[in-house]
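Visitor: The residues making up each chain are set out below.
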Amino acid sequence: MKNNSKKYIGKISLIFLLAALCTSMAKAQEEKERFFQKYKFVNQTEFGGLFGRIKYQVYYGGWYPYPVPFGPTYPTYPTQYKVSNKVNISAQTFNGVYIDKKTAAGLTIGVDGYGETVLMPIALGIRRSIVQKKEGGSSLMGGIDVGYSTAWLNVDDTGFKTNGGLLISPTIGYRLPMRNGSAWLINFGYRFQRADYIQERQGDIYWVESKEVRKHKRLVFRLGIEF
Amino acid sequence: MKNNYLKRLAVILGFGMALGNISCTDDCETTRTYRTTVPFVLSVQEIREGIAAQAPQELNNLGKIYVKDNYIFINELKKGLHIIDNSNPQKPENIAFLKVPGVIDMAVKDHILYADSYMDMVTFDISDPKNIKQTGRVKDVFLNGLADGITWQYQPQSQQVTDSDVKIITEKIRTNCGFSIVNPTPIYYDLAYQNFSGSKGPTSPSASGTGQGGSMARFTIYNDYLYTVSMNDLVLFNIKSLTQPVQESKVNLGWGIETIFPYKDKLFIGSNTGMYIFDNKNPAKPELMSMFAHARACDPVVVANDIAYVTLRSGGPCGVAPNRLDVVDVSSLAFPRLLKSYEMQNPAGLAIDFPNLFICEGQYGLKSFDASSVSDIKLQQHIDKINAFDVIPLGNKHLLMVGKDGLYQYDTSNPKDLKLLSLIPVKKAY
Chain B
1 MKNNSKKYIG KISLIFLLAA LCTSMAKAQE EKERFFQKYK FVNQTEFGGL
51 FGRIKYQVYY GGWYPYPVPF GPTYPTYPTQ YKVSNKVNIS AQTFNGVYID
101 KKTAAGLTIG VDGYGETVLM PIALGIRRSI VQKKEGGSSL MGGIDVGYST
151 AWLNVDDTGF KTNGGLLISP TIGYRLPMRN GSAWLINFGY RFQRADYIQE
201 RQGDIYWVES KEVRKHKRLV FRLGIEF
Chain H
1001 MKNNYLKRLA VILGFGMALG NISCTDDCET TRTYRTTVPF VLSVQEIREG
1051 IAAQAPQELN NLGKIYVKDN YIFINELKKG LHIIDNSNPQ KPENIAFLKV
1101 PGVIDMAVKD HILYADSYMD MVTFDISDPK NIKQTGRVKD VFLNGLADGI
1151 TWQYQPQSQQ VTDSDVKIIT EKIRTNCGFS IVNPTPIYYD LAYQNFSGSK
1201 GPTSPSASGT GQGGSMARFT IYNDYLYTVS MNDLVLFNIK SLTQPVQESK
1251 VNLGWGIETI FPYKDKLFIG SNTGMYIFDN KNPAKPELMS MFAHARACDP
1301 VVVANDIAYV TLRSGGPCGV APNRLDVVDV SSLAFPRLLK SYEMQNPAGL
1351 AIDFPNLFIC EGQYGLKSFD ASSVSDIKLQ QHIDKINAFD VIPLGNKHLL
1401 MVGKDGLYQY DTSNPKDLKL LSLIPVKKAY
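These protein sequence lines map, in sequence, to chains B and H.
The letter at position 161 of the first sequence is residue 161 when you use my numbering, and the numbering goes up by one with no holes.
Take any residue in the second sequence, count from 1 to its spot, add 1000: that is its number in my numbering.
Chain H extracted, bound-state conformation (with noise of 0.2 Å):
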């Protein structure tokens, strides 16, 4: 009887040790899936024996668009420029691809091509977009750079060029069972650090012969200067032999630089805190008029009729400060004046084709404004169930728009109902 009771015992406190592996031990493990940056080191000379002209490619991680006549340029961060035959906006074509390691800007002069490679400053002929050939270099005068939340740095004792790729990363780790719960710090990823191309004013290109950038361009030509603002310094090229620019001065701006846009003989550049103003008369040495400050946002400028148009955005890299459009006086340069705030939903690149105001609201989508009236700015169209990010008026009612998923372009001769003309999709990277 005794036996039984004893054997009863056993097979209960058996079974239940079986089931629990005779542990004590919490066992936890999580499934994960980040995206970080992983560092890589490049030499000088890999990157300066990089370029070469390629077969074109299926466009990848938008960065700036440039455009010049009847070609698009599209920048794929840091690997080179994709070439969009835009002759026909129905039907563009993508005709070439220009390999440039480390390109994040460009600008374009007759038929001269300026792109930036990590440190150096390179020039491309291409007259022919098809057969692009480098035609001169301005060796180390970037030291460091950003573009998509990541920053490279130049270090020119050692030759080296240090860059970090983003790399998503699915991995087991054993953890604490939530006791203390640590939630992986992922890097900060914003499509407004993408630092896609901007928009741009009524104005004519800022000097004959050369194309548009956008409000969001760190590069801009007027007359025989080419100007680049790095992350905080601006860097004069005198491109007067355009092959060969050759760097005349750099005048240091303190942090947070991120747009230049030229308006008639003034610099309009733009950083975190607030919207700088450069008297341009000589362009050779561009001076400081003033400031107009504002809470710590990404804001690019548009300016039109002595109207300066900047956006606002909150959140990540931008620091905290409302979504809203500020409408500024700059008619007196020195004393810039604002005249009235918006609310917006999340603006990013905007572009001024008056009396025709376009933002890009991000993942809100595309609106067109009628700006005729700075006190009174109205809605006229929301084209939501797109991700806008810039825009770039072409002239002759033609809107060029950038957003996560391609590149879109608009007919605006209605301003109220935007006719899509053409998509060039983005291959979807994740």
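Chain B extracted, bound-state conformation (with noise of 0.2 Å):
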């Protein structure tokens, strides 16, 4: 009966909480119609490459990917490492609202790919012009987003789990306007993104765990358009 009456009292407030939400609609709609006035909204989506390289350990020239213990009559070998050049695809979307005439905040929603790794950025992003020559012409831009990356759009192997972790990428580039108000972006910049790989152990038969901890460390380089 308790339990009951519970359900009840959270339906009777739903349906009053849409009720609300229904007559302030108007309200709001208007509201935001004032908002984007004082405030203009901006779209930046880009396309690029994230340039690095990979450094890992390798051992008895590299066809073993771990040290084997050997006992105390072998020899132990010394650490080598080998090293990769990478590059992998970055794209992102973002949408703010001018906060001042040069400023412009809002959020950046990605998609990163490491590898067999694959990443949703979502992060806060702040864009500037810090050098105008004229009004409505092209401009430097700085911009940074500072956010999290999630794991939404990764699929793991059995037995494993990919998390995201933090995002951080600087960026500086240009604004090339178009006679249409929309305008041509070209950025250049940083990406650090950290993000663990955690394998479980997996009952008694394959006594094996392990956590890998990734920071990436990339330069990044976009083409976009702004409108």
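For the record, the hints were derived by calculation from the structure and aren't laboratory data.
Bear in mind that the values here come from a model prediction, so they are computed numbers and not experimental data.
The reader is advised that the hints may include incorrect statements.
[Claimed, not checked] Result set (EDC-like, lysine to aspartate or glutamate): computed pairs, CA atoms no more than 20 Å apart in a straight line:
1) B:LYS215 <-> H:GLU1029
2) B:LYS161 <-> H:ASP1027
3) B:LYS86 <-> H:GLU1029
4) H:LYS1240 <-> H:ASP1265
5) H:LYS1167 <-> B:GLU209
6) B:LYS215 <-> H:ASP1027
7) B:LYS211 <-> H:ASP1027
8) B:LYS82 <-> H:GLU1171
9) B:LYS82 <-> H:GLU1029
10) H:LYS1167 <-> B:GLU200
11) B:LYS55 <-> H:GLU1171
12) B:LYS211 <-> H:ASP1265
13) H:LYS1172 <-> B:GLU209
14) B:LYS215 <-> H:GLU1171
15) H:LYS1172 <-> B:GLU200
[What the hints assert, rightly or not] Just the calculated beta-carbon pair ranges, DEER-fashion:
16) H:ARG1008 <-> B:GLN37: 25 to 33 Å
17) H:ARG1008 <-> B:GLY49: 23 to 31 Å
18) B:TYR39 <-> H:ARG1008: 18 to 26 Å
19) B:GLY115 <-> H:LYS1419: 55 to 63 Å
20) B:VAL87 <-> H:ASP1165: 41 to 49 Å
Here a beta-carbon is modelled for each residue, glycine too, at the ideal position from N, C-alpha and C.
With the hints as a guide, bring both chains together as one complex.
Guide: Right, dumping it as structure tokens:
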């Protein structure tokens, strides 16, 4: 009985909430319009690449991925590193509003691939015009995105789990306006991305667990448009 | 004005670079823990001098079990034997530890215990279990062996034995950030490999005065002969003179020999690929009669009333096979015939105390069946939430069961409701 009444209270309050929303909808629409009149909306959608290197330990000429603890009679081998260059794709869209004449603030959502891993950053972004020689002309823009990357788009192998992490990405680039009010964007910057890759213990048969902390440090180069 | 812009630019760039430590190399570090093997070398002298009677020790890393009268001998793999006084099954008492390097199997006749110690066969006088004495030794009879998934090798030329330890390693390494995911390949580690002792059919001990081993045993005594199976040979010892066995012959059996089980005047030898039946009328010279082949699997065998019960288990070293119980008619030993198969979960050791059949299902627990009708074996009780690996029926409705967590003893007077008499726990290894 008590539970039932609770349920009813929940339902009734939900109906009230909906009603309240409906009545405020029209008002909200008005407010929204006023908001966007005051603060101009801006979207910047960009595609590009993440350029960097990986440097990792290899054993016995690289054919064996991890060290074997041989007995005392065997020699220990010195650690060897292997280096390779990596380019991965990155796409993102920034949706924000101009909070003053030069500065826009908003939300950045993107998709970054790092080999087998796909991360989806959700970040707060700021874009600011640093140098503009003449009104309505090209400008030098600075930008920064700080946020968290989720692993929602990632699919893991059995027994493994990828977690996203902190994203910090400052950029600098050009904004080249077109006649119709849109603009081309060329951005160049840095991207720091943290992620974890965890292997859980799988019972007694494969007695192994591992945790990898990944810090991707990349140069980023992006092209895009703004409207 | 211009100066101001440049300053801002510098600040932004500098800030960005500082955050990334100015590096464009991914930095990925993996901390991993895995189990691996570390080889070590023992000299023959060390092994031979390593035998010692010691005070009782906590059970650890259970191996095979052998029962003789009121004493239970529990093998701690390659370390030694725990001796348990089981005169009161409700309160078994750990009374002594016999240190035997490299011991995997054992058998008892009268007051003499036969155990392997890497390459040698050693005999002990156990008339006073608290004060066991070594009485004899047959040198250099085994060349290699397998226990717990680890093989050891004996090199007679250098008088050395190479064995491996299982070691757990935690390490940090710098990895390639998952660009090609390299998973560490751990050594395969299955309890199936632990070669727990096995079950025993309803037959009385195969020779008077001997104890009880199991369906997974590699040592068995028949009349005046001790049969031992190594990885691919059947080695015979004449034990007429109890204290000093004499090696008589060696029969090559091919690859993957696992268990030996004597029944009447026959020897049932379980291998990875099938069940060999040897005629043992002349104990000094067993003759191969037939082979019942099956899919590659681990397959302990027990026999009762001319019916052989074989469990097949899949996974790892056992190969890919269905998990099932095969019931085989062996009344005509030259032509064993499959009567019926039953689905199982992950069967390991089994025991028959006709008409009751007990099957260990590994992590799924212990099952008690009514096997009075071959075509309709009925489940009577399922004790889950325990790890059951092998069982030995001790007679008098008394069942000994080994699992990962210890040695259980059950009263089976009511096969539908087994009563736990006692549990000797195992020291947690990890």
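Visitor: Given the hinted pair B:LYS86 and H:GLU1029, is their alpha-carbon gap at most 20 Å?
Guide: holds (17 Å)
Visitor: Can the restraint linking B:LYS161 and H:ASP1027 be considered satisfied, given a maximum Cα separation of 20 Å?
Guide: holds (19 Å)
Visitor: Measuring from beta carbon to beta carbon, are B:GLY115 and H:LYS1419 in 55 to 63 Å?
Guide: About 58 Å separates the Cβ atoms of B:GLY115 and H:LYS1419, which means 55 to 63 Å holds.
Visitor: May I ask you to test the hint 41 to 49 Å on the CB atoms belonging to B:VAL87 and H:ASP1165?
Guide: Between B:VAL87 and H:ASP1165, where Cβ atoms are some 45 Å apart, the hint holds.
Visitor: Measure nothing beyond the straight line between the CA atoms of B:LYS211 and H:ASP1265; if it is 20 Å or shorter, mark the hint as holding.
Guide: Outside the cut-off at roughly 57 Å; violated.
Visitor: Within 20 Å, alpha carbon to alpha carbon, are B:LYS215 and H:GLU1171?
Guide: Roughly 19 Å separates the two Cα atoms, so the pair holds.
Visitor: Between B:LYS82 and H:GLU1171, is the straight-line Cα distance small enough, at 20 Å or below?
Guide: The given pair, whose Cα atoms are some 19 Å apart, holds under the 20 Å limit.
Visitor: Is the straight-line distance between the alpha-carbon of B:LYS215 and that of H:GLU1029 20 Å or less?
Guide: Distance of about 9 Å is within 20 Å: holds.
Visitor: Honestly, do H:ARG1008 and B:GLY49 meet the 23 to 31 Å range at C-beta?
Guide: holds (27 Å)
Visitor: Below or equal to 20 Å on CA atoms is what counts here, so check B:LYS215 against H:ASP1027.
Guide: Roughly 5 Å between the alpha carbons, so the hint for B:LYS215 and H:ASP1027 holds.
Visitor: Need the status of pair H:LYS1240, H:ASP1265: alpha-carbon distance at most 20 Å?
Guide: holds (18 Å)
Visitor: For the pair supplied as a hint, H:LYS1167 and B:GLU209, confirm whether the alpha-carbon distance does not exceed 20 Å.
Guide: Measuring from Cα to Cα gives roughly 14 Å; hence the hint holds.
Hint violations for this structure: number 12 only, all remaining hints satisfied.
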